[in-house]
Amino acid sequence: MYQKIIELLRIHGYLSQDTEKGPCYVKSTKKRNKCVYVMFDKNPDGSAILEEDLYQMEDCAKQNFGTDCAILLLVLSEEDDPMFIDPDDQFKDLFRPLTMILSQNQAEQREDVTNDFENINEIKRFVWNYKATLVIFLLNLAGFVLTEIYGNKIYNLYACNAYCVRNLHEYYRLLTSNYLHFGWEHFFNNMVVFLILGTSLEKVTGSIRYAVLYTGSGIIGSIVSTIYYSVMGQDVLSAGASGAIFGLIGALAAILLFCKDQRKRFDGFGIFLMIAGSLYHGFESGTTDNAAHIGGCIAGFILSMLLYVSSSLISAHRQGR
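So that you can map any letter, position 14 of the sequence shown is 14 in UniProt numbering, and since no number is skipped, the others follow by simple counting.
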């Protein structure tokens with residue numbers, strides 16, 4: 001706005017002159033000089049422009065450009081309406097174009113405020129649409145931070161262990177182990193896959209069913225892991241979100257197989273390729289808990305059938321599709 005006003009003054013023949021009170025825009029006429037000061041209602045230090053400051057600007061103009069010069073003081077504000085101070089009523093030619101510039105600026109400010117509200121609403125909609133995914137991610141992040149700070153103490157207390165679950169009845173480990181990871185690479189890889197799959201699935205199933213599906217798959221994956229290591233007689237600590245993530249993969253597989261209307265939302269070949277690749281990588285790696293992966297995937301498939309696919313099939317049948 002300020003630059004537009006200065007450009008307008010230049011178009012009307014006003015030239016910038018330096019004074020003690022800042023730049024003054026001066027136009028020489030046959031009768032007398034016409035002087036314009038353009039300022040904001042606050043100084044650079046945040047203090048307000050006082051009436052005394054305006055008087056000093058008038059005195060400064062008269063000292064520099066003649067005691068009979070006409071003076072216009074244009075005080076701009078980011079919060080209030082601008083002030084157009086023309087004591088001698090000598091700037092009628094500028095009033096209309098200046099008013100147009102000021103009105104246009106106010107309209108732009110209102111538009112900016114509207115856009116800001118729209119952007120905030122978009123963020124709110126995103127958070128609301130994917131609230132379960134965001135909460136689960138934050139829980140995983142909190143678990144990662146705690147393990148980085150306290151290390152083995154957290155793993156010993158909350159990771160899944162067949163002996164602790166079976167003999168000490170620490171069943172909470174079946175849940176808490178799903179939010180712990182062994183290092184940054186483990187956490188990062190799981191969360192990338194989780195966010196890609198999670199945002200896609202939550203949009204389809206809804207937040208509540210999605211949260212139940214994720215949590216249930218993770219717990220069942222931990223149960224299968226506990227049974228497997230008990231049978232094998234191995235005393236290991238298991239942790240990671242991969243059992244629950246395989247549950248999401250199993251759920252997507254069920255939706256792709258039975259819900260025709262949803263197939264266009266997903267890359268079916270990519271989903272099954274991900275399942276096969278992840279299982280192959282797990283069997284090739286000696287440290288991967290494949291029991292949790294397989295258990296979580298099967299659990300996700302079954303839970304998806306119960307929580308979403310069955311109702312979708314019934315609805316489609318009623319509609320004759």
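Among these hints, one or two may not hold up.
Unchecked claim - Listed next, the in silico DSBU-like pairs over lysine-lysine satisfying Cα-Cα at most 30 Å (straight line):
(1) Lys30 - Lys4
(2) Lys42 - Lys30
(3) Lys4 - Lys31
(4) Lys153 - Lys124
(5) Lys42 - Lys62
(6) Lys21 - Lys4
(7) Lys92 - Lys21
(8) Lys27 - Lys124
(9) Lys62 - Lys30
(10) Lys124 - Lys30
(11) Lys203 - Lys260
(12) Lys92 - Lys124
(13) Lys27 - Lys42
(14) Lys31 - Lys62
(15) Lys124 - Lys42
(16) Lys62 - Lys4
(17) Lys21 - Lys62
(18) Lys92 - Lys4
(19) Lys27 - Lys92
(20) Lys21 - Lys42
(21) Lys131 - Lys260
(22) Lys131 - Lys203
(23) Lys62 - Lys27
(24) Lys124 - Lys31
(25) Lys42 - Lys4
Stated by the list, open to error - Computed spacing ranges between beta-carbons, pair by pair:
(26) Asp93 - Asp41: 18 to 26 Å
(27) Ile123 - Tyr150: 28 to 36 Å
(28) Ile196 - Val236: 23 to 31 Å
(29) Ile6 - Gly206: 50 to 58 Å
(30) Phe126 - Leu157: 33 to 41 Å
(31) Lys92 - Tyr55: 19 to 27 Å
(32) Leu195 - Lys4: 40 to 48 Å
(33) Lys203 - Ser103: 57 to 65 Å
(34) Lys203 - Asp41: 44 to 52 Å
Source of the hints: derived by calculation from the structure; they are not laboratory data. This structure is a prediction, so every number in the text was calculated from the model and none was measured. Glycine is no exception: its CB is placed at the ideal position from the N, C-alpha and C atoms.
Against the structure, the hints:
1. Taken as a hint, the Lys30 and Lys4 pair is honoured in the structure, with Cα atoms around 27 Å apart against an allowance of 30 Å.
2. A hinted pair counts as satisfied when its Cα atoms are at most 30 Å apart, and Lys42 with Lys30 does not qualify at roughly 35 Å.
3. The straight-line distance between the Cα atoms of Lys4 and Lys31 is roughly 28 Å, inside the 30 Å bound, and the hint therefore holds.
4. Taken as a hint, the Lys153 and Lys124 pair is broken in the structure, with Cα atoms around 37 Å apart against an allowance of 30 Å.
5. Simply put, Lys42 and Lys62 have alpha-carbon atoms about 23 Å apart, close enough for the 30 Å limit, and the pair holds.
6. As the CA atoms of Lys21 and Lys4 are separated by approximately 21 Å, the hinted pair is consistent with the 30 Å bound.
7. With a C-alpha separation of about 24 Å, the suggested pairing of Lys92 with Lys21 holds against the 30 Å cut-off.
8. A threshold of 30 Å between alpha carbons decides the hint, and for Lys27 with Lys124 the separation of about 53 Å lies outside it, so the pair is violated.
9. Taking the CA atoms of Lys62 and Lys30, the gap is near 17 Å; set against the 30 Å cutoff, the hint holds.
10. At most 30 Å may separate the alpha-carbon atoms for a hinted pair to count; Lys124 and Lys30 exceed this at roughly 62 Å.
11. Proximity of Lys203 to Lys260 is assessed by CA-CA distance (about 16 Å); at most 30 Å being required, the pair is judged to hold.
12. Taken as a hint, the Lys92 and Lys124 pair is broken in the structure, with Cα atoms around 48 Å apart against an allowance of 30 Å.
13. Taken as a hint, the Lys27 and Lys42 pair is honoured in the structure, with Cα atoms around 26 Å apart against an allowance of 30 Å.
14. Between the alpha carbons of Lys31 and Lys62 the distance comes to roughly 15 Å, so the proposed pair stays at or under 30 Å and holds.
15. With a C-alpha separation of about 35 Å, the suggested pairing of Lys124 with Lys42 is violated against the 30 Å cut-off.
16. Of the pairs offered as hints, the one joining Lys62 and Lys4 holds, with about 26 Å between alpha carbons and a cut-off of 30 Å not exceeded.
17. Annotation: proposed proximity of Lys21 to Lys62 holds, straight-line Cα distance about 12 Å (limit 30 Å).
18. With a C-alpha separation of about 18 Å, the suggested pairing of Lys92 with Lys4 holds against the 30 Å cut-off.
19. With a C-alpha separation of about 14 Å, the suggested pairing of Lys27 with Lys92 holds against the 30 Å cut-off.
20. Pair hint Lys21 plus Lys42 holds up; C-alpha atoms about 14 Å apart against a cutoff of 30 Å.
21. Straight-line distance between C-alpha atoms of Lys131 and Lys260 comes to about 26 Å, which keeps the hinted pair within the 30 Å bound.
22. The hinted pair formed by Lys131 and Lys203 meets the criterion: a straight-line CA distance of about 10 Å does not exceed 30 Å.
23. The suggested pairing of Lys62 with Lys27 holds, with an alpha-carbon distance near 14 Å, which does not exceed 30 Å.
24. Restraint check for Lys124 and Lys31: the C-alpha separation of about 62 Å exceeds 30 Å, so the hint is violated.
25. For a cut-off of 30 Å, the pair hint linking Lys42 to Lys4 stands: about 19 Å separates their Cα positions.
26. Between Asp93 and Asp41, the C-beta spacing of about 24 Å keeps the proposed range 18 to 26 Å intact.
27. Hint check: Ile123 to Tyr150, Cβ distance near 33 Å, so the stated range 28 to 36 Å holds.
28. Judged by the Cβ atoms, the range 23 to 31 Å given for Ile196 and Val236 holds: they are separated by roughly 29 Å.
29. For the pair Ile6 and Gly206, the supplied restraint of 50 to 58 Å holds, since their beta-carbon distance comes to about 56 Å.
30. About 35 Å separates the C-beta atoms of Phe126 and Leu157, a value consistent with the hinted range of 33 to 41 Å.
31. For the pair Lys92 and Tyr55, the beta carbons lie near 23 Å from each other, so the given range of 19 to 27 Å is met.
32. A hinted range of 40 to 48 Å holds for the C-beta pair Leu195 and Lys4, which are about 45 Å apart.
33. Restraint check, Lys203 to Ser103: a C-beta distance of roughly 44 Å breaks the suggested window 57 to 65 Å.
34. The beta-carbon spacing between Lys203 and Asp41, approximately 49 Å, falls within the hinted interval of 44 to 52 Å.
The structure shown violates the earlier hints numbered 2, 4, 8, 10, 12, 15, 24, 33.
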